Amino acid sequence: MTDQRHIHPARPDDRGRTVDQADDPGVDAALRTLLVPAPPTLLPSTLVAVGLADGYARIESPIGAVLVAFNGLGISAIALAEDPSVFETWFRHEFGRPAHAVDALPPTLARSVARRIAGDRRVAVPLDLRGRTSFERAVWEKALEIPRGEVRPYGWIAAEIGRPRAVRAVGSALGRNPVPLVIPCHRVVRTDGHIGQYALGSDRKRAVLDAEGVDVARLESLARTGVRLIGSDTTHIVCLPTCHNARRIRPVHEVAFRSLREASSSGYRPCRECRPTALAA
Amino acid sequence: MDDELIAALALDLDASFERLVLAHQDRLFSIALRFTGDARDAEELAQDAFVRAYRALGDYDPERIRRLNLRPWLATIVLNLCRNRVRRRRPTEVVLDDAGSDQIADRRTPSPAERHERRESAVYWARLVAELPERYRAAVVLRHVDGLSYEEVALALGRPEGTVKAQVHRGVALLRAAHEATGRTLPSAESSLVEVIR
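First to last, the sequence lines map onto chains A and E.
Quick note on my numbering: the first sequence kicks off at 50 and runs consecutively.
Quick note on my numbering: the second sequence kicks off at 11 and runs consecutively.
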């Protein structure tokens, strides 16, 4: 083939680059001008894509504006919208990597977060939960099973994940939830019916539950009178008070119980959806 | 420079990955830009290439990382992504969307002075490169835009060194022929070195 004529031994040029005698210096010089600087956005977006940095943007939620941080692995943090520099300092301290403001979340992420916050539990929201314990993940995954408009006691989560004695640990794991609203830790309340602590403050917990249609005042008044469960005298099924099955019981058929034992001895069986059995432990 | 970086990557990928991006972002972006002709595509492809490199480095044991030749290895990753991207489109469609794309889009008859400037500009050469057949384009871009040695180009393309030399020369000859067809000679051309291969 004629091309063979152009193959000569390589030698380094004065800049240290290997130049072949057959190279064309004129074309080479012209083509070298085609090596151009990468856009300034390439480095930060690459670091975000691999999860060595995060972007964050503000979104609206039932408790007002919040800041959502994300990287290529998913949503990493949600916090109240405050001064950006305060958020960035907090983020770096908490996660050991930088977060920088972006105009908006990536569109698919923004859509799924909005749907999840609106109560759609089926929409998949990718989460960056690196470095979290399997216990924390188990607690948070269980919290995700609680439907919008309902609440469960801490002890329910503990029992459902097979750690019935770890009620306090469940409480602190929920307190460490990095993505409140997306993982609905606000739907977990004290076993005695009081709404309890919240990562973003208990006033906001009440506000989110309110926005989701939970009658917080009724829940608290039931708790004050020692009522833990509501049964129906037509089905003889007993539920946690906010279970959607309990809310369908007409007032004339409502029967209040202080414990599952009391309900069982009256011939009531636990609802298979809200599973108050967990609280028997 | 890469030796020290390689050692750092083998030791602590997360702590040194930013240095890898800083050291190689211009070349990966330029390779992708010259291959696809589109700046937005090129940025996405360069980012994608770094993400793949990061994942691969995370899977490799330190010994394997130390044996890597970063320049051709990264070039292979970005070129493969470019080829897939181009394949998904119509392969003959080369879009030029560079910093100076308005010059290309401008179809009115240019003055001689403008014509001269255009020929000199990077946009002009970018267009010539973009119109090269793919097998020459890859070799020419790696050799003359990125500045890899023939040995590294051969590694990056997985072809024998003799083949890539022939492809580079053929590509350069085509560029020169296209350039001369516009009626101008290269400023510092040593045209005797290259003859147009038929």
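Just so you know, the hints here were simulated from the structure itself, not pulled from any lab data.
Predicted, not measured: the structure shown is a model, and the values here were computed from it.
Treat the hints with care, since some could be wrong.
Non-contacting residues of chain A with respect to chain E, defined by C-beta distances greater than 10 Å in every case (computed) [claimed, not checked]:
#	residue
1	V76
2	P88
3	D259
Taking CB as the label site, the calculated pair distances span [what the hints assert, rightly or not]:
#	chain 1	residue 1	chain 2	residue 2	range
4	A	R170	E	R93	37 to 45 Å
5	A	E131	E	A33	30 to 38 Å
6	A	R81	E	A187	54 to 62 Å
7	E	R29	A	F184	30 to 38 Å
For every residue, glycine included, the Cβ atom is placed at its ideal position computed from N, Cα and C.
Outcome of the hint check:
1. With a cut of 10 Å on Cβ distances, V76(A) falls inside the contact zone with chain E, its closest approach being about 5 Å.
2. Here P88(A) does not stay apart from chain E, with its beta-carbon only about 5 Å from theirs, under the 10 Å limit.
3. For D259(A), the requirement that its beta carbon stay farther than 10 Å from each beta carbon of chain E is met, with the minimum near 42 Å.
4. Distance hint check: the CB atoms of R170(A) and R93(E) are about 41 Å apart, consistent with the given range 37 to 45 Å.
5. Restraint check, E131(A) to A33(E): a C-beta distance of roughly 37 Å satisfies the suggested window 30 to 38 Å.
6. Separated by about 20 Å at the C-beta atoms, R81(A) and A187(E) break the suggested range of 54 to 62 Å.
7. Remark: the range hint 30 to 38 Å for R29(E) to F184(A) is upheld by a beta-carbon distance near 36 Å.
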